[in-house]
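First to last, the protein sequences are chains A and B. Take the first sequence: its letter number 328 is residue 327 in numbering that gives the first Met the number 0, and every next letter is one higher. Take the second sequence: its letter number 56 is residue 55 in numbering that gives the first Met the number 0, and every next letter is one higher.
Calculated directly from the structure, the hints in this document are not laboratory data. Incorrect hints may appear among the rest.
Simulated coverage check for chain B against chain A, where a stretch passes if three residues somewhere in it have a Cβ under 8 Å from a Cβ of chain A [claimed, not checked]:
(1) 87-95
(2) 115-121
(3) 157-163
Remember, predicted model here, so these are calculated numbers, not experimental data. Each residue gets a CB set at the ideal place from its N, CA and C atoms; glycine is no exception.
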Amino acid sequence: MPKREDLKSILIIGSGPIVIGQACEFDYAGSQSLRSLREDGIETILINSNPATIMTDPSMADHVYLKPLTTKSIIEILKEHPQIDAVLPTMGGQTALNLCIEADEKGIWKDFEVDMIGVDIDAINITEDREKFRELMLKIGVGMAPQATATSFLKGKEIAQEFGFPLVIRASYTLGGAGASIVYKPEDFDELLSRGLEISPIHEVMIDKAMMGWKEFELELLRDKNDNVVIICAIENMDPMGIHTGDSITVAPAMTLSDKTYQKMRDMAIHMMRSIGDFEGGCNVQFAVSPDENEDIIAIEINPRVSRSSALASKATGYPIAKVATKLAIGYTLDELENQITKSTSALFEPTLDYVIVKIPRWNFDKFEGSDRTLGLQMKAVGEVMGIGRSFQEALHKATQSLEIKRNGLGADGKGYKNYDQIISKLTIPSWDRVFVIYDAIQMGIPLSRIHDITKIDMWFLKQYEELYQLEKEISQYTIASLTRELLLEAKQKGFADRQIAHMLDCYESEVYNKRTELSVNRVYKLVDTCAAEFEALTPYYYSTFEAEVETPDGERYVANDSVVTDKKKIVVLGSGPNRIGQGIEFDYCCVHGVLAAAECGYETIMINCNPETVSTDFDTADKLYFEPVFWEHIYDIIRHEKPEGVIVQLGGQTALKLAEKLSKYGIKIIGTSFESLDLAEDRGSFSKLLKENDIPYPKFGVAETADEALHLADELGFPLLVRPSYVLGGQGMKIVINKEDLEAHVVDLLRKIPNNKLLLDHYLDGAIEAEADAICDGKDVYIIGIMEHIEPCGIHSGDSNATLPPFNLGEFVMQQIKDHTKKIALELNTVGLINIQFAIKDDKVYIIEANPRASRTVPFIAKAYKEPYVNYATKVMLGEKKVKDFDFNPELEGFAIKQPVFSFNKFPNVNKNLGPEMKSTGESILFIDSLKDDEFYNLYARRKMYLSK
Amino acid sequence: MKYQSRKRAFILLADGTIFHGKVVGDNEGTAFGEVCFNTGMTGYQEIFTDPSYFGQLMVTTNAHIGNYGTNENEVESDSVKIAGLICKNFSYNYSRDDADASLEDFLAKSNLFAISDVDTRALVSYIRDNGAMNAVISTDVDNIAKLKEELADFPSMEGLELSSKVSTKEPYFYGDENATYKIAALDIGIKKNILRNLAKRGAFIKVFPYNSTFEELKSWNPDAYFISNGPGDPEPLTQAIATAKDIIATDAPLFGICLGHQVIALANGVSTYKMHNGHRGINHPIKNLLTGKGEITSQNHGFAINREETEAHSELEITHVHLNDQTVAGIRMKNKNVFSVQYHPEASPGPHDAEYLFDQFFENIAKSSKKAVSI
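Please work from the sequences and hints to get the whole structure.
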């Protein structure tokens with residue numbers, strides 16, 4: 000049955016700004032969906048307020064509306080485009096579904112004769128209303144945890160009395176588990192119950208008996224209009240029930256399910272999807288399984304839309320769920336679509352894996368001072384990484400190496416905990432580091448049975464950990480000289496990094512690397528192909544591993560490598576790793592555009608990244624995707640294998656930039672601005688010398704290594720002072736102090752947290768205005784792509800400030816200084832590519848706060864506001880294909896574009912919400928206004944000092 | 000627990016290619032067979048005990064094997080039927096409350112030789128490109144030349160009759176003798192879950208040895224007939240083909256699965272052929288041409304029936320096709336109560352999407368016997 004011919008124009012709703020629980024996976028989904036509709040010649044109209052996304056690029060849809068996600072905007076769009084036949088709300092997370100329901104309740108879809116596709120209202124209502132959902136599940140014979148609804152405090156108390164503790168409280172109609180909590184003790188119940196009721200927009204909570212310790216699984220389903228259902232992926236949570244799946248370490252395929260239990264779960268999932276409604280698209284179902292011989296299965300929830308887990312499942316299997324779900328929504332059936340990976344077999348099948356993926360969430364608790372760091376029912380992670388390996392151990396190791404938290408993997412880095420009580424407590428109260436603490440516990444000799452009793456993590460996973468430790472112990476008995484090939488290969492197959500092996504053998508990383516080369520223990524690359532090599536696949540999606548040898552009949556030995564190197568000239572783009580505060584989706588936007596621009600210049604493009612939520616890790620983006628940790632060892636091996644012309648580091652944020660030094664040391668060409676220039680900008684001493692020589696003002700500053708030195712410096716610089724450690728991201732540990740007591744306290748605190756780090760003290764320009772400029776430079780000419788003025792005064796991190804493009808309140812004299820300084824600095828730093836410079840303006844004098852010769856957070860914003868592809872231009876400049884003068888710049892913007900930060904404070908109820916030099920926002924949105932008389936601007940301006948911390 | 004190193008082992012293919020690995024357990028040994036691969040991510044115990052795999056060296060593509068141990072109730076026959084196992088990561092440690100032994104102990108009970116740490120992905124790609132072939136797995140690293148010679152003498156799967164090796168020697172009964180219907184099942188390598196599926200729908204089954212004649216089956220006076228799955232090439236099964244012909248001639252309800260399906264095709268004069276590398280896994284897409292719906296199915300076959308001959312046949316109708324390669328996956332006889340499928344509606348392992356075929360069989364029986372259906 001072919002697609003519906005009545006659908007010629009479709010509206011897609013995006014998910015808006017990034018918040019905890021709803022991140023860039025929806026950019027990935029939306030982008031795929033738009034491309035998928037376009038393939039079928041359907042006109043696409045998109046609404047999303049998040050400018051840092053690929054999906055909002057002018058090239059992605061026929062009409063892109065960067066408007067607030069409100070029914071008002073929907074009406075405006077529908078009036079302008081009466082031709083819209085249908086709305087597809089399943090690609091934009093809960094935000095899009097909620098907006099769709101609101102529009103439905105207001106009768107908007109009916110008024111404009113717009114069909115809803117991909118889901119139906121009843122399905123959304125049933126799955127969001129836990130009481131209705133429960134009734135339905137009972138009707139179809141699917142078990143659930145004992146549960147009751149409370150719409151009042153009193154009712155809640157009655158339920159608690161009936162069920163006993165522990166209990167789970169969940170607020171209805173909320174996102175990412177907001178307002179959810181586990182209550183262990185009756186004395187905590189009242190407060191948590193009130194909070195749940197308050198957070199729920201309909202003042203309703205569900206109280207469940209806690210199924211603590213039950214094993215947790217998720218299934219990703221697709222259904223077509225013929226009622227064919229396939230399961231794309233089964234994901235097992237290593238962390239059992241009690242920790243939100245977004246905060247759990249998850250594994251695919253399911254590791255500990257027998258066929259009998261899995262098939263039972265599969266039947267239940269299909270039955271559930273069919274029961275909630277008659278729609279075509281994707282669906283996510285979560286189950287809990289009793290950890291005993293009964294293997295009872297109960298349903299937890301069902302989401303009739305593309306989800307965070309479906310993005311993970313797409314990356315885990317190679318099956319593009321959003322793309323296919325879109326095709327199904329417009330009427331195709333699975334059996335008439337082809338498998339996008341093999342291009343020769345059917346899309347009606349269930350992917351099979353011959354590798355393992357492990358996802359580890361990335362948390363940013365350090366940004367939320369005073370926050371509760373315990374993992375529970377409410378999601379707290381800001382990003383995630385995925386490791387792919389030929390064993391669970393290898394995948395787990397690669398995921399831990401992807402986190403960028405200064406760990407090299409599990410154990411063997413001297414950073415583990417060694418205190419018994421501390422380990423037990425860290426196992427008991429799960430937080431960001433439990434994945435490492437399990438290893439420490441085994442190392443300490445704590446029995447697996449005890450670790451299992453505390454964590455309820457399935458023994459199979461714990462045994463895998465134990466095997467890792469046994470191998471570490473074995474290797475530690477050798478020296479680099481005596482280590483056998485067999486052991487080295489096994490260590491590499493289990494994912495140990497060269498650095499870890501060096502730690503075990505007490506030698507240098509380079510010695511391990513040389514030993515590997517000598518014994519030919521080399522990385523090979525395998526394909527993610529949806530079918531375990533049963534069919535030939537052409538999709539260039541690779542991961543690394545180490546394998547045993549194959550011997551030809553002639554006796555020639557080799558290790559099989561799926562990644563064939565072409566003779567084309569190649570460029571590697573380093574990705575930005577896991578999303579975190581200060582480094583989010585905007586860098587993925589830059590990487591994707593870098594890849595596309597390099598391809599336009601005739602290069603074969605190679606993307607390296609480990610973030611499963613992103614567009615950059617879509618197998619359709621680069622010519623070759625290596626889903627690998629952005630970790631030196633992995634990158635270097637890829638470079639040795641591919642031999643690219645060079646590596647682009649300036650698009651992947653601090654993650655990629657930090658690798659520039661080592662790349663440069665190993666003689667690998669950095670495309671664009673050289674490492675020396677990057678280093679010069681980063682080093683305060685040399686950079687201020689450069690400013691001084693060019694007569695560019697900067698706030699007085701000094702460097703201190705002890706509290707004493709800091710106090711002396713304070714006399715010289717004068718208060719207030721901005722204190723921060725050097726080489727940090729997103730203003731981590733930055734604080735403004737106004738007297739010696741505060742200064743001493745903060746310095747002592749910083750030196751304790753980050754020992755041996757230099758501290759920078761800047762004289763803080765009190766009451767100054769902050770502005771920033773982004774520019775493209777080819778070494779000779781500079782083009783300033785945009786200047787933005789912060790609405791809040793200096794002192795609030797630029798990522799947390801509302802800002803306008805162009806500036807709303809800077810005189811010609813000031814603007815000229817900004818332009819002159821920007822051009823001068825860009826040229827002095829020999830910038831080739833992008834540069835971002837931040838300024839403080841006081842008494843009409845422009846001071847330089849910092850310069851970053853790389854793509855910044857504001858570049859995508861400016862590109863969207865001016866409707867010009869600046870990253871594309873900058874990449875061509877970096878590659879030397881074009882000069883700045885070759886471009887015909889023509890920014891289009893009437894009025895102003897305001898960048899508005901968005902926070903996820905509701906996930907951290909007790910956290911200090913004051914803003915300061917340390918960034919706390921998780922996302923941003925764009926707002927266009929015609930003039931400064933706009934109410935929105937007036938509101939922001941009036942409130943600008945409200946959140947400033949002291 | 001301490002680190003344990005494992006001895007070297009390998010798989011040598013008939014064309015001389017060797018894939019290196021390690022032995023499972025502390026064993027030494029050698030095993031011959033035709034190498035094939037299964038892409039299922041669950042159900043290893045069901046696969047290893049499935050009689051259809053008799054004589055096969057099984058490559059499991061899932062990264063880990065043995066994670067959830069074994070359970071004596073989750074078997075498809077009384078013993079391990081594969082000839083040897085080749086895997087990537089073998090789980091010596093398992094975790095499942097409902098398990099009663101590790102996979103290592105379970106395989107040891109059947110003296111099954113297994114090797115691990117092989118680049119199974121490279122091996123599968125190799126078989127995909129070069130076709131199924133005989134192979135040997137061994138720890139005997141010093142006698143490869145000798146093994147090569149022995150391998151050359153090992154019989155090819157083509158033309159090989161294997162049902163006799165796995166079929167019951169004596170007839171036996173399964174299910175409740177007071178059940179509504181009596182089904183005579185010809186065991187050319189039957190899986191237990193087929194019997195469970197028939198019994199659960201209200202049948203009492205008498206299972207007959209592979210070489211039983213129609214008269215022997217009929218003398219029990221059954222309401223319907225069933226021809227099972229099984230190993231090897233269907234062509235040498237002359238008695239089973241003759242029995243099928245006789246059943247067809249009677250108008251009695253007949254259902255065939257896998258090898259049974261091929262036997263029914265041969266009984267109709269449609270030929271079979273050996274596939275390049277077969278279908279083995281639990282994610283195979285089938286389209287039911289009668290309903291237009293898809294099914295995800297469990298499959299395990301190295302032979303298939305000829306599509307053109309089936310299409311040209313006046314009495315046969317293709318009811319199911321495999322969506323990946325358009326091979327025939329199901330047929331029925333136009334004026335008879337006979338149908339068969341190439342895949343495994345009994346699953347175990349695999350999805351239950353095709354279980355309706357058993358219901359269909361029972362509807363056919365009900366129509367034919369005019370007895371009330373009681374499920």
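Which numbered hints turn out to be false for this structure?
3
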